[in-house]
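Undergrad: If you want the building blocks of each chain, they are given just below.
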Amino acid sequence: MSEHGTESAGEHVSQPGTALRLEQGQVEGAGNSEGQVGIPDRFSNPGLPPHVSRSADLDEVAAHRAERQVATLFGISMVATLTFLVAYFAIDQRTYQFIPGIGQASLSNIVLGVSLGVSLLCIGLGAVHWAKTLMPDTEVTEDRHPQRSSDEARHETVETLEAGGRASQLGRRPMIKYMLGGALGLFALPLVVQLAGSLGPLPKADLATTFWRRGMRLMRDPEMTPIKASDVTLGSVFHVLPEGIDKSHDVLEEKAKAAVILVSLPPAVIRVPRERDWGHDGIVAYSKICTHVGCPVGLYEHRTHHLLCPCHQSTFDVANDCEVIFGPAHRPLPQLKITVDAKGYLVADAPFLQPVGPSYWER
Amino acid sequence: MSPTSTPKGAASLRADDVKPEALTKGPKSRTGGLASWVDDRTSAARPTSYLLKKVFPDHWSFMLGEIAMFSLIILLVTGTFLTFWFVPSAGRVIYNGSYVPLKGIPMSEAFKSTVDISFDVRGGLIMRQIHHWSALLFTVSITVHMFRVFFTGAFRKPREINWVIGTILSLLAINEGFTGYSLPDDLLSGTGIRAAEGFIQSVPVIGSYMAYFLFGGAFPGEAIIPRLFTVHVLLLPAVIVGLFTAHIVLVAVHKHTQYPGPGKTNDNVVGYPFMPVYLAKSGGFFFIVFGITTLMAALVTINPIWLYGPYDPSPVTAGSQPDWYMGFADGALRLFPGFAEFNVFGFTLSLNVFIPSLIVMPLLYTIAGAYPFIESWVTGDKREHHLLDRPRNAPTRTGLGVMAISFYLILFLAAGNDLIAIKLGLSINDITQTLRILLLVVPPLAYWVTKRICMSLQRRDHDLVLHGRESGRVVRTAEGSFFEVHEPLPEHERWTLVQHETLTPLQLTATVDANEVRRKSTRRERLRAKISSFYFADGVHPVTPAELAAAHHDGSAREAIETGQDSGAQEPSDQGWVGQLHGGADERPETDAYASHEDGVDSSPTSER
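Chains as they are written, first to last, in the numbering used here: chain Z, 84 to 446; chain R, 31 to 639.
Please keep in mind that the hints were generated in silico from the structure rather than gathered at the bench.
Do not take every clue at face value.
[Unchecked claim] Quick list of in silico lysine to any residue cross-link-like pairs, SDA-like style, CA-CA up to 25 Å: (1) R/Lys-453 x Z/Ile-408; (2) R/Lys-84 x Z/Gly-130; (3) R/Lys-187 x Z/Glu-225; (4) R/Lys-133 x Z/Ser-331; (5) R/Lys-133 x Z/Asp-333; (6) R/Lys-285 x Z/Gly-130; (7) Z/Lys-420 x R/Pro-345; (8) Z/Lys-215 x R/Met-93; (9) R/Lys-285 x Z/Glu-225; (10) R/Lys-481 x R/Met-433.
All chains should be modelled from the sequences, with the hints used to inform the complete structure.
TA: See below:
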């Protein structure tokens, strides 16, 4: 390449008027030198392309057509608005109508929505059509100026700031500086303390305890009827709440911790002896609150004995003490120790012995 | 009053006032009269005329931000309507309204009032559905607007601050959406709040305290609905509207960017004035966005909370997904493996929840917000940029953008892993495992593929400028060979393809200074040079006039840039069709063609004319 130019920073400069090879990246012309007509180093901006007139600019008939179209769109909008007003009073809120493609739907909602939508849409389409056909379309150029202010202005601002600082004597009187810093640093604290301190109570042991007590019957959710051990057929699954939870003061708060799922397995498939002991004849009860983020683990697959959480798909193996076999949860679901009372109903033999639900630091 | 001034009569205090007749001078039309009245009191004439004459460039992609802006207005309007009927209370009531399937069921007042808006308030359902559809449109348009700004390099100086504001707006918008769809207290959104409570509990050390403070006690409690309501209708909207105003003011201060093209420079704005063109176009577009949103709300049901029922911690619906914009965070939760929960000195460190739920989102947004500063550090480019990049001309940036999008999309897909499993009849475990692997494999691949595509597109531009367009006209020469005439690109078309500048990687300066003393901080510079070369090492330079002239002189297809052979420049032909003949090799006499091969790779290229 030495015959063609000198190499500098990966670019190549040609001598004026010479042919070049094109393989070496950017090749720049050396410009106009020594009176020779040379090749400029870059292309120059050719300026705006010639303006192309629209038919409405040249043809009065086309302009009239555009005017009529815009006016028609605005007209449709007015009709649609009136339709809305009439429909608002005329159509009963509880009228349902079969609409092809949608199905059974509220007539009022559809008529009100469509008429309002058409009314708005036609205003918009009319305005845009007007702008595109009739308003001037000659491009206008506006100059930009750098964001940077003039040096004097910047200098003046800094000068004013510094002069103000000096005039306040902040530098000379450090006592004021430090005390002001302290006061400003502290004044927000009462606001923060008021807010944080009054938002809610401390959790204490609340997260670690549930409504379950020894001897409470297991009740069907939501019927709240007790469950006889003999009614629990093999492979069946029950959603369970503790007896009396519906009479509790904080029903939802208690439910959010006490919900339990009851599953009946063949005792032989249960692989953990403690799980078998804490159950009754293959009937085992586990917390239904996922140990991941607390969704109810509601999906039971009775052939594989897997419990699946519908929120994030953590999967628990009921045959293996509800250990996590898949998904983002880490801990097994806690087991509720159950037994049967004198009348044959399933009852809790002990409260949950560990916190249920999602993990937290001090659990 | 200064002590030197002489006492004057009361009348003289007003002696400098402008005479009343001077005030009335001004434009004589009716508009002029009103404008004068206002201007007398506000001196608004100059700024108003400046704004009316302001020029906006025209491009479809500039409408994306407008959709977000108009959706925000629609949300404010319809949201205000909804507050007139919505009761932000968790108080328990028994439903006895007109929707029969829910009769007699205990529920919160929030849920009941939402059902009432849907069934008993005339036109209430349409307002609710416009509000919800509009929220989805708001978040979609913000996201796509961000893509536009990113891929065209519109975030570069002087617009970095506006990019950061936009990033914060996007983050606030999705959280505003979450607080909004949680308000009806239905089974689906209640499950979402339940999960959110689990996220907060996972915060190391203070998680359970934070949860009890936010919920005013145990979950769900009666405090969360009114608190979310205040956040949703007061706190977040105020911040969003404030930041949005700053966003728009900065757009006006900077003047809008424009795509490169003939007549457009870094020092001008080419477009149409606000009055009347953009007043009509933008104003009209507001009504178009509102109209289409309303039609969707009329014809497509969204969030039918009456089918989900009121929130109850015990039941759950299968296939529960959040609104789309929270999908990526939900997907991260689903993909994050469970082994990341640890026992630390008897305490539980639940990183399997904490990282995907509370770290991923802020982290992604921080990276996005910091990107302009990273890029300007790497490029060392401190100039103002008002001309947009064509994405292909910034292959590394475009590649990184697509990499981020692919990462986001896989998280988003993961939030629907259960739906995919059901619809396609696949194993959910396989899908989740596959997505875990894809999350690590696809983004780098997407980067690489995108970068290669961009560079191919650059080469195509390059070739198009050098060789022009095939005209379809085949000419037979006197020697009997055939070639197709290529027409050079018109100047105005060519400019778009050659206007961009190429940045070369930063070069390392000497590690010792003039006095042979080792310079400090070379490690930082080495890193910067390395990243810089990652960005720019394999750029395709835009065609220069010299190259175009060379292609014309050469007059054959044997330009080395195409063939990769070191065939050298041939003697230019003198036959008068120089510059238009870029057909096959046949257009040259065979002897020439052989001659160049015989010369071999190291032949000294002929250059004399």
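Undergrad: With reference to the structure, classify each hint as holding or not holding.
TA: Comparing the hints with the structure gives:
A C-alpha spacing of about 23 Å is found between R/Lys-453 and Z/Ile-408, which places the hinted pair at or below 25 Å, so the restraint holds. For the hint linking R/Lys-84 to Z/Gly-130, the alpha-carbon distance of about 21 Å falls within 25 Å, and the restraint holds. Straight-line distance between C-alpha atoms of R/Lys-187 and Z/Glu-225 comes to about 20 Å, which keeps the hinted pair within the 25 Å bound. Proximity of R/Lys-133 to Z/Ser-331 is assessed by CA-CA distance (about 23 Å); at most 25 Å being required, the pair is judged to hold.
For the given pair, R/Lys-133 sits about 22 Å from Z/Asp-333 by alpha-carbon distance, which is consistent with the 25 Å threshold. For the proposed pair R/Lys-285 and Z/Gly-130, the alpha carbon gap of about 20 Å is at most 25 Å, so the pair holds. Between Z/Lys-420 and R/Pro-345 the CA atoms are separated by roughly 22 Å; this keeps the pair inside 25 Å, and the hint holds. Using a Cα cut-off of 25 Å, the hinted pair Z/Lys-215 and R/Met-93 holds, with the two alpha carbons roughly 15 Å apart.
Of the supplied pair hints, the one linking R/Lys-285 and Z/Glu-225 holds, its CA atoms being roughly 10 Å apart against a limit of 25 Å. Our distance criterion of 25 Å between C-alpha atoms is met by R/Lys-481 and R/Met-433, whose separation comes to about 10 Å.
This entry satisfies every hint, going by the numbered hints stated previously.
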